[in-house]
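Student: Here the protein sequences come in this chain order: A and B. Residue numbers for the first sequence, in our numbering: 1 to 134. Residue numbers for the second sequence, in our numbering: 135 to 272.
Hints were generated in silico from the structure; no laboratory data involved. Note that the Cβ used here is the ideal one computed from N, Cα and C, for glycine as well. Just to be clear, a hint being listed does not mean it is correct.
[As the list claims (entries may be wrong)] Facing chain A, a subset of chain B residues (Cβ under 8 Å, in silico):
no.	residue
1	G150
2	A152
3	N158
4	L163
5	I168
6	L176
7	A190
8	F225
9	P236
10	L263
11	H264
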Amino acid sequence: MELFISPLLGGALIGLATLIYLLCLGRVTGVSGILSNALFKSDRLAPALFIIGLIVGGASYGSLVEQTVAFPETRSPILLIISGLLVGYGTRLGGGCTSGHGVCGISRLSGRSIIATVTFMATAILTVFISSFI
Amino acid sequence: MFALISLTSGLIFGLGLAVSEMANPTVVLGFLNIFGEWNPSLIFVMVGAISVGLCAYRVQKRLAKPLFFNDWSIPKLKQIDSKLILGASLFGIGWGLSGYCPGPGLTAIANNSAEAIYFVSALIAGSALHFVQTKVTN
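Okay, chain B solo, but in the shape it has when bound (with noise of 0.2 Å):
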């Protein structure tokens, strides 16, 4: 039940970023173009995205446990801090040059070969550089 749910949610995520052509980096550049050719679409994604998900965190709220887990695996944090700050702004600078956020970036494996070689090693290299620096620190 467990993996059938993670395929199931990958799956409808994934299928939302291509019905709202997310997937495609030129719809995202456009986007983020507010001062050029700007393409609002991706409010439209945003609004889409939020009204269902506060739906969702007011049933969250309600239950005493998830349906299929035993607790809640749910961020804490509250504190603003650089962290949060610099983590980002390096994001948006990353985002904001070639269009791919993590979600699009990973559907490009199967779209768009050619950059997701680079783009999807480069992301995977970023993350576990953050992983093994925290290690070390601590």
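In isolation and in its complexed conformation, chain A is listed as follows (with noise of 0.2 Å):
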């Protein structure tokens, strides 16, 4: 019963800052889009201070929320360098990436995000099995 609980809470906290965002500024909370935004594009005051808050408000994790599940012993720096590489080149060739095509795309019923969000899993899933054999 609980098991379900905290994810299902996060996940509609995840949805009210899409709500305010979206119907406040009119805009997309995905992720990867606000970063390149803030990194990359002229106006960057909203992007940046977006990031900063994520930042802030995901720092309470193990703080102010209890954290229940250990994390991964620190891996390998060539592992991170390669996945973030990844991420970041292709949910920017991509347009989206679990908040922009898995929330905000799919709560729109977009069919380019639906798709995007099938395949992103199925390769993620398929990368954790092959890892499993490694």
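Take each chain as given, in its own frame, and dock them per the hints.
Tutor: Structure (structure tokens):
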């Protein structure tokens, strides 16, 4: 029972952030796009503040918000760098990530986003499956 | 007002990643490990977020313009092309390697700095690479 209350509540908070940002500012909360706008666009203030808020809010994990699962042991820099490059380049090429396609796009019932979400879920599951043999 | 709303939305989003424990790669990798010891909790994160998101976009359709801005800036693309599929595929591989997608990866700056230094630098480099590539090809 309690197993799914925190995820559901956490998800609803993510949805609430999406709702506020959308209805107040007219924008989608796709984190990869917001990060890219904060770095490369001329109108940087709103995206940069969103990213700062995201990091500060996330810092509540393990302090304000109870941490029930341990972090993985610190992994190799090479793995993290390859992962970061693929996530950074792939989300921009595909126009969205878990939040932009997975949450905002599916909420808008966008065909593109549904296809993108199914695709990245599939390759992520496959990657974890293959990794389990290495 | 604009700045305050951005910051508040980011804070709530980050809090959501913490409460759902999506900020923790162990939880995410457990969810992606459907052929092993599967942890389904992330499904409920999606259910929670999309339930509220569906309401948000229903209200959006009835508003002429955003409450504190002049116009909507919502993706209009409909085309399903090779960029979408290739981009999403590469992203999924990267996500499956570390358990970090962009949001949780950024929260690692506060929670797991030993990993964030590599992941976030590479995330920005990958994003920059696409930005430069787009500029050059245009």
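Student: So, for every hint listed, does it hold in this structure?
Tutor: Okay, the hints, checked on the actual structure:
1. A hinted interface residue such as G150/B counts as satisfied when its beta carbon comes closer than 8 Å to some beta carbon of chain A; here the least separation is about 3 Å, so the hint holds.
2. At its closest, the beta carbon of A152/B sits 4 Å from a beta carbon of chain A; the interface hint therefore holds under the 8 Å criterion.
3. Among the interface hints, the one on N158/B holds; its C-beta lies about 6 Å from the nearest C-beta in chain A, closer than the 8 Å criterion.
4. The interface hint given for L163/B holds, since its Cβ lies 6 Å from the closest Cβ of chain A, which is under the 8 Å cut-off.
5. Against a cut-off of 8 Å between C-beta atoms, the interface hint on I168/B holds, since the closest Cβ of chain A lies about 6 Å away.
6. The beta carbon of L176/B comes within 7 Å of a beta carbon in chain A, closer than 8 Å, and the hint placing it at the interface holds.
7. A least Cβ separation of about 4 Å between A190/B and chain A falls short of the 8 Å threshold, and the interface hint therefore holds.
8. Interface restraint check: F225/B against chain A, minimum CB-CB distance 3 Å, threshold 8 Å, status holds.
9. The beta carbon of P236/B comes within 4 Å of a beta carbon in chain A, closer than 8 Å, and the hint placing it at the interface holds.
10. Residue-level restraint check for L263/B holds (minimum Cβ-Cβ distance to chain A is 6 Å; threshold 8 Å).
11. Residue-level restraint check for H264/B holds (minimum Cβ-Cβ distance to chain A is 4 Å; threshold 8 Å).
Every hint, counting from the list given before, is met by this structure.
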